[in-house]
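S.K.: The chain contents come next:
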Amino acid sequence: MKLRFLIPLVVFVVMVGFLGKGLLLDPSEVPSPLIDKPAPQFTLSELHNPGAKFASESMKGQVWLLNVWASWCVSCRQEHPVLVELARQHIVPIYGLNYKDTRPEAAQWLRERGNPYDASAFDNDGRVGMDYGVYGVPETYVIDKKGIIRYKQIGPISPSVLRDQILPLVQRLQQGSPT
Amino acid sequence: MRRFLFVLIAAWAVCGTVAVAKEAAPMIRDPEIAGRMAHLTQKLRCLVCQGQSVADSGSDFSNDIRREVEKLMEEGKSDQEVIGFLVQRYGDFILFEPPVKSTTAPLWIGPFVLMALGGAVLVIVLAKRAKRPVEELSPEQVAAAERLLNDLEKEGKDS
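In order, the protein sequence lines correspond to chains A and B. Everything in the first sequence is counted per my numbering, starting at 816 for the first residue and increasing by one. Everything in the second sequence is counted per my numbering, starting at 73 for the first residue and increasing by one.
Each statement offered as a hint is correct.
If you anchor each label on the Cβ, the simulated ranges turn out as follows:
(1) A:840 - B:167: 14 to 22 Å
(2) B:187 - A:836: 21 to 29 Å
(3) B:160 - A:984: 22 to 30 Å
(4) A:838 - B:221: 56 to 64 Å
(5) B:179 - A:823: 24 to 32 Å
(6) A:836 - B:177: 13 to 21 Å
(7) B:221 - A:830: 41 to 49 Å
Just so you know, the hints here were simulated from the structure itself, not pulled from any lab data. We put the beta carbon where it would ideally sit given N, CA and C, even for glycine.
With the rest of the complex left out, here is chain A (with noise of 0.2 Å):
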């Protein structure tokens, strides 16, 4: 048999790859440039007091998640268990970035399910959302105890990201030295 006769069989193979390859792939994660970065500075009131404020800076030297949420985010319902049963086992300190929200129903929402933050900034016109380039809510992003974003999930943290992806990472960092 002449080889030729296999060259539509091989390209039919590799245009199947590429196509299924492409069929896998989510579009809607887009991949950050921010990751490896610095995390953008932010200082704003607190969610629960208006009076506090919380700076980004002060994180500095731990590992920590900052969690982009909203009252009226759908996915967040579904996120947030996770994030209660995480803050629970008191593993990684979580922080809360309250997304074009109302305060009175952040804090209703909160009370509903419980509130897995140690604070949440209340970022009310998405300016510092937009800075981190936050284009879809929930998001979450894992700093280092430089200040450097090691991951960002677009999208609700499943069970199975938390234990394969987001733990391993935190606990790698939390071994890492200190600066």
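Could you slot chain B onto chain A? The hints should help.
M.R.: Here is chain B on its own, set in the frame of chain A:
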């Protein structure tokens, strides 16, 4: 009939209010900035509705981006600086046209490479075909061909 009309008018009224609620884009005062914005936002991708540009989309995301672009332009930032600001936050993906750099080189050069390859294959195949010697027919084959042609002609006359 009257009830049907009533339902129709009610439905129309509801749609009307929804449409009104959507249109809340603030007016841009400076015509020069308005022009620059219209041009620039055409080139920006709305990340939540990826087929649309920021200029075409009415999503919250696009409204925010437009507001921010306008603010930056009013502060006197150039188009390049505004693009830099957005790319720093959202990545190259926010641009419909990816910038030329090492990771995007295949995107820009790939089609031309493929075209050159295709052209080369075409040229080689045609050259081979041109070189192939024309086969001479043997006298028997010529006679057979003539017979067939004659038969055809006869058939044509008969019908």
